[in-house]
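So the sequence lines, in the order shown, correspond to chains C and P. Under this note's numbering, the first residue of the first sequence is numbered 44, with each subsequent residue one higher. Under this note's numbering, the first residue of the second sequence is numbered 411, with each subsequent residue one higher.
No lab work stands behind these hints: they were computed from the structure. Every residue, glycine too, gets a C-beta built ideally from N, C-alpha and C. Warning: the hint list may mix true and false statements.
[Stated by the list, open to error] Cross-link-like lysine to any residue pairs, in silico, SDA-like; alpha carbons within 25 Å at most:
1) P:LYS501 to P:TYR513
2) C:LYS49 to P:VAL496
3) P:LYS501 to C:THR247
4) C:LYS49 to P:VAL500
5) C:LYS49 to P:SER660
6) P:LYS501 to C:PHE59
7) C:LYS49 to P:LEU520
8) P:LYS501 to P:VAL525
9) C:LYS49 to P:ARG507
10) C:LYS49 to P:LYS501
11) P:LYS501 to C:ALA255
12) P:LYS501 to C:LEU64
13) C:LYS49 to C:ARG203
14) P:LYS501 to C:ALA109
15) P:LYS501 to C:ALA51
16) P:LYS501 to C:ILE48
17) P:LYS501 to P:GLY542
18) C:LYS49 to C:LEU170
19) P:LYS501 to P:SER517
20) C:LYS49 to C:ALA70
21) P:LYS501 to C:ILE102
22) P:LYS501 to C:TRP66
23) C:LYS49 to P:GLN495
24) C:LYS49 to P:ARG503
25) C:LYS49 to P:ARG534
26) C:LYS49 to P:GLY542
27) C:LYS49 to P:GLU519
[Claimed, not checked] Some chain P residues well away from chain C (every beta-carbon gap over 12 Å; in silico):
28) ALA461
29) ASP482
30) ILE484
31) ARG486
32) GLN495
33) GLY548
34) ALA622
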Amino acid sequence: MSTWIKVARYQMVQRFNYVTLPWAALALLFAAQLAVITMLGMHDARLTGLVSIYAVFFIVGVSTVARSLPFGLALGLSRRSYYLGTVLLALTLTALDGLLLAGLQEIERATGGWGLGMFFFRVEYVLDGPWFLTWLTSFVALTLAFVYGLWWGLVYLRWRRMGRRVFLVAQILALLAVGLTADRFAAWPNIGRFFTDLTALGLTGVLAAATAALLVGGYATIRRVAV
Amino acid sequence: MTPTVSLSGLTRRYRDQLALDDISLDIEDAAITGLLGRNGAGKTTLMRIVAAQEFATAGRVRVLGASPVENDAILRRIVLVREDQVFPDVKVRDALRLASWFYPNWSAELAATLVAESELPANRSVGALSRGMRTALGNVIGLAARAEVTLFDEPYAGLDSEARQSFNDRLLADYTEHPRTVVLSTHLIDEVADLLERVVLLDHGRIMLAAAADEIRGSAARVSGSTLAVERFVAGRPTWDRRSIVSQTSVVLAAQLDEADRASARAQRLSLEPVSLQQLIVHAAGGPAAQSTDETRGGTLA
Chain C
44 MSTWIKVARY QMVQRFNYVT LPWAALALLF AAQLAVITML GMHDARLTGL VSIYAVFFIV
104 GVSTVARSLP FGLALGLSRR SYYLGTVLLA LTLTALDGLL LAGLQEIERA TGGWGLGMFF
164 FRVEYVLDGP WFLTWLTSFV ALTLAFVYGL WWGLVYLRWR RMGRRVFLVA QILALLAVGL
224 TADRFAAWPN IGRFFTDLTA LGLTGVLAAA TAALLVGGYA TIRRVAV
Chain P
411 MTPTVSLSGL TRRYRDQLAL DDISLDIEDA AITGLLGRNG AGKTTLMRIV AAQEFATAGR
471 VRVLGASPVE NDAILRRIVL VREDQVFPDV KVRDALRLAS WFYPNWSAEL AATLVAESEL
531 PANRSVGALS RGMRTALGNV IGLAARAEVT LFDEPYAGLD SEARQSFNDR LLADYTEHPR
591 TVVLSTHLID EVADLLERVV LLDHGRIMLA AAADEIRGSA ARVSGSTLAV ERFVAGRPTW
651 DRRSIVSQTS VVLAAQLDEA DRASARAQRL SLEPVSLQQL IVHAAGGPAA QSTDETRGGT
711 LA
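Given the sequences, and given the hints that come with them, work out the whole structure.
Put into structure tokens, the structure is as follows:
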């Protein structure tokens, strides 16, 4: 455990990527949405600026391994310690960031959308419930974005460009296989019902399961990475 | 006694290229070993596998008695900062701070001294360092870590002669104070010749020579004098690098000389000079200095 904490601290040396960048992107998008609303009077516009923080977490996940893993291994870390320490950092940050997002959502709700009827931190159905549910969903979704990016980064480090292409094609094929299987067994109505009936908490559960699967995939990949 | 590093049948293949070909080698504790060979000989690949940065295609690797692969207890006792090391986007002082967290024997004092001596700019981003400064940073980490298995990959790359000498001096001084297993990979044999206790010569992924440096140094001597006397002296013994001008000849005699040989040489007014480690190793590798038959080369390798 102490090695994992050291790895988390090691990653935090580049705190700009982990702390500044996601919130800077979010602040920029918030300002842009604010400008659009005030200038164009689109008070009810439900723009998707919030997605920027998830996008940044994905990108940070992709880029983090390329430089920090080779030096980490040079300093005598095992791939397992590096991976688990990095995931530990991600879980800590996404838990804190989720809390901030939930807090900002509460402020947005209390101020009637920043006095302008603006929707930025509230996303209908997904992120529009009580603060703890917003926290949980944000925490899980941010973790998913980071872990998915991490796996992409590891695939590139291990198999370079060809690996990236194969990884993309494999995901498309997997989705196609799911679609064809659903088609074959005429399962679409049931799938549709499953998602329609799914509550925000249920969706968070599905995202958590996907995150767990991505974590396993990333772990299996890093065990094969040479630097 | 269990060797610090033990390789058995180690092979690493990259598609159609054989980087390491059935290497078996033991590296003992508390010695400075030179891993020598041309560029592409397999030196870095071998070190990467020892440090578990790379995987073997076949064979067995034991470091400090166990496999280093995913073995935290062993890995924290190994340091390898490579010539082509990729660093995160951090400053020099951060890179050193990071290294200090992971090595139980880290010497902050030594690191500070080496940084000052190397004139490394602590506040500069590692990415903005010149090649030589980057090498110096790797050397600082390698030395200050005081890891039981300290691996240096091309520690002279980009360094000027003063910095190379300074590294040698520091390495020797710290090694004397804190003996450990040090392996230096380089193709600049002259730079390390005085440091080495053991030599391992790699060529095309195979071990050409693995012996004590003193044994190699004493394995040959250059004999010079009148052609007739030289020929009489070396008759029936393996030789290489024969040079003749008018009636004078100079030849490398690939054999250990005893006191009787030396007395005989003095009597015949022959001069006996040591052959540099560089020449011996280039010869062993079949390089440009080698002008012998396979038989005589075998004499040098023995």
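Going through the hints against the structure:
Distance restraint check for LYS501 (chain P) and TYR513 (chain P): the Cα-Cα separation of roughly 19 Å lies within the 25 Å cut-off, and the hinted pair is therefore satisfied. At most 25 Å may separate the alpha-carbon atoms for a hinted pair to count; LYS49 (chain C) and VAL496 (chain P) meet this at roughly 19 Å. Among the hinted pairs, LYS501 (chain P) with THR247 (chain C) is inconsistent with the structure: their alpha-carbon atoms are about 40 Å apart, more than 25 Å. For a cut-off of 25 Å, the pair hint linking LYS49 (chain C) to VAL500 (chain P) stands: about 16 Å separates their Cα positions.
Restraint check for LYS49 (chain C) and SER660 (chain P): not satisfied, since their Cα atoms lie roughly 61 Å apart, outside the 25 Å limit. Taking the CA atoms of LYS501 (chain P) and PHE59 (chain C), the gap is near 13 Å; set against the 25 Å cutoff, the hint holds. Among the hinted pairs, LYS49 (chain C) with LEU520 (chain P) is consistent with the structure: their alpha-carbon atoms are about 22 Å apart, no more than 25 Å. This hinted pair checks out: LYS501 (chain P) and VAL525 (chain P) have alpha carbons roughly 13 Å apart, not beyond 25 Å.
Between LYS49 (chain C) and ARG507 (chain P) the alpha-carbon distance is near 12 Å, which keeps this suggested pair within the 25 Å criterion. For the proposed pair LYS49 (chain C) and LYS501 (chain P), the alpha carbon gap of about 18 Å is at most 25 Å, so the pair holds. With a C-alpha separation of about 35 Å, the suggested pair LYS501 (chain P) and ALA255 (chain C) falls outside the 25 Å cut-off, and the hint is violated. Between LYS501 (chain P) and LEU64 (chain C) the CA atoms are separated by roughly 19 Å; this keeps the pair inside 25 Å, and the hint holds.
Proximity of LYS49 (chain C) to ARG203 (chain C) is assessed by CA-CA distance (about 28 Å); at most 25 Å being required, the pair is judged violated. Our distance criterion of 25 Å between C-alpha atoms is met by LYS501 (chain P) and ALA109 (chain C), whose separation comes to about 17 Å. Taken as a hint, the LYS501 (chain P) and ALA51 (chain C) pair is honoured in the structure, with Cα atoms around 18 Å apart against an allowance of 25 Å. Between LYS501 (chain P) and ILE48 (chain C) the alpha-carbon distance is near 21 Å, which keeps this suggested pair within the 25 Å criterion.
Taking the CA atoms of LYS501 (chain P) and GLY542 (chain P), the gap is about 16 Å. The hint holds against a cut of 25 Å. For the proposed pair LYS49 (chain C) and LEU170 (chain C), the alpha carbon gap of about 34 Å is over 25 Å, so the pair is violated. Between LYS501 (chain P) and SER517 (chain P) the alpha-carbon distance is near 19 Å, which keeps this suggested pair within the 25 Å criterion. Of the supplied pair hints, the one linking LYS49 (chain C) and ALA70 (chain C) is violated, its CA atoms being roughly 30 Å apart against a limit of 25 Å.
With a C-alpha separation of about 22 Å, the suggested pair LYS501 (chain P) and ILE102 (chain C) falls inside the 25 Å cut-off, and the hint holds. Taken as a hint, the LYS501 (chain P) and TRP66 (chain C) pair is honoured in the structure, with Cα atoms around 23 Å apart against an allowance of 25 Å. Between LYS49 (chain C) and GLN495 (chain P) the CA atoms are separated by roughly 21 Å; this keeps the pair inside 25 Å, and the hint holds. For the hint linking LYS49 (chain C) to ARG503 (chain P), the alpha-carbon distance of about 17 Å falls within 25 Å, and the restraint holds.
Annotation: proposed proximity of LYS49 (chain C) to ARG534 (chain P) holds, straight-line Cα distance about 23 Å (limit 25 Å). Under the criterion of a C-alpha separation no larger than 25 Å, the hint pairing LYS49 (chain C) with GLY542 (chain P) is inconsistent with the structure, at around 29 Å. Taking the CA atoms of LYS49 (chain C) and GLU519 (chain P), the gap is near 21 Å; set against the 25 Å cutoff, the hint holds. The Cβ of ALA461 (chain P) does not lie farther than 12 Å from every Cβ of chain C; its closest approach is about 8 Å, which violates its non-interface assignment.
With a closest Cβ-Cβ approach of about 5 Å to chain C, ASP482 (chain P) is found to fall inside the 12 Å limit, against its non-interface label. For ILE484 (chain P), the shortest C-beta to C-beta distance to chain C comes to about 9 Å, within the 12 Å cut-off, and the non-interface label is violated. With a minimum CB-CB distance of about 5 Å to chain C, ARG486 (chain P) fails to clear the 12 Å threshold, and the non-interface call is violated. For GLN495 (chain P), the condition that its CB be more than 12 Å from all CB atoms of chain C is violated, with the nearest at approximately 6 Å.
The non-interface label for GLY548 (chain P) is inconsistent with chain C: the shortest C-beta to C-beta separation is roughly 8 Å, within 12 Å. No beta-carbon of chain C comes within 12 Å of the beta-carbon of ALA622 (chain P); the shortest separation is about 29 Å.
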